[in-house]
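Please model the entire structure based on the sequences and the hints provided.
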Amino acid sequence: MTIGKSNRCNEYMKEIENIKYEYLQKNEFFCTPLQRRFYEHRVELLENYILNYLNTTDGKENS
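The letter at position 17 of the sequence shown is residue 13 when you use our numbering, and the numbering goes up by one with no holes.
Because the hints were derived from the structure by calculation, they are not lab data. The reader is advised that the hints may include incorrect statements.
Listed below are the simulated DMTMM-like cross-link pairs for lysine to aspartate or glutamate, each with C-alpha atoms no more than 25 Å apart in a straight line [said to hold, decoys possible]:
#1 K1 x E11
#2 K10 x E43
#3 K1 x E36
#4 K16 x E36
#5 K1 x E40
#6 K1 x E13
#7 K16 x E40
#8 K16 x E43
Restraint ranges, calculated between C-beta atoms of paired labels, are given here [claimed, not checked]:
#9 I(-1) x P29: 33 to 43 Å
#10 H37 x R4: 16 to 26 Å
#11 L47 x L20: 36 to 46 Å
#12 N51 x T28: 28 to 38 Å
#13 Y45 x L20: 12 to 22 Å
#14 N14 x L50: 16 to 26 Å
#15 L41 x S2: 14 to 24 Å
Heads up, the beta-carbon is just placed ideally off N, CA and C, and yes, glycines get one too.
Rendered as structure tokens:
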């Protein structure tokens, strides 16, 4: 894993933690249903990006 991509993945993981803590765990008073859907989708996209990147780098190291 390159340093740049590793740093980017770390930033994405911090963003996921922040979104889950700030927006998805709290009551409905803090965000509208549309905002909640946005943050849920954002978390899903970031998790998929991280998993895809890890899967591609794992495949390169094993061959």
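Verification of the supplied hints:
no.: 1; hint: K1 x E11; result: 15 Å, holds
no.: 2; hint: K10 x E43; result: 11 Å, holds
no.: 3; hint: K1 x E36; result: 23 Å, holds
no.: 4; hint: K16 x E36; result: 9 Å, holds
no.: 5; hint: K1 x E40; result: 18 Å, holds
no.: 6; hint: K1 x E13; result: 18 Å, holds
no.: 7; hint: K16 x E40; result: 11 Å, holds
no.: 8; hint: K16 x E43; result: 12 Å, holds
no.: 9; hint: I(-1) x P29: 33 to 43 Å; result: 39 Å, holds
no.: 10; hint: H37 x R4: 16 to 26 Å; result: 19 Å, holds
no.: 11; hint: L47 x L20: 36 to 46 Å; result: 19 Å, violated
no.: 12; hint: N51 x T28: 28 to 38 Å; result: 34 Å, holds
no.: 13; hint: Y45 x L20: 12 to 22 Å; result: 18 Å, holds
no.: 14; hint: N14 x L50: 16 to 26 Å; result: 21 Å, holds
no.: 15; hint: L41 x S2: 14 to 24 Å; result: 19 Å, holds
Violated hints amount to a single one, hint 11; each of the other numbered hints is respected by the structure.
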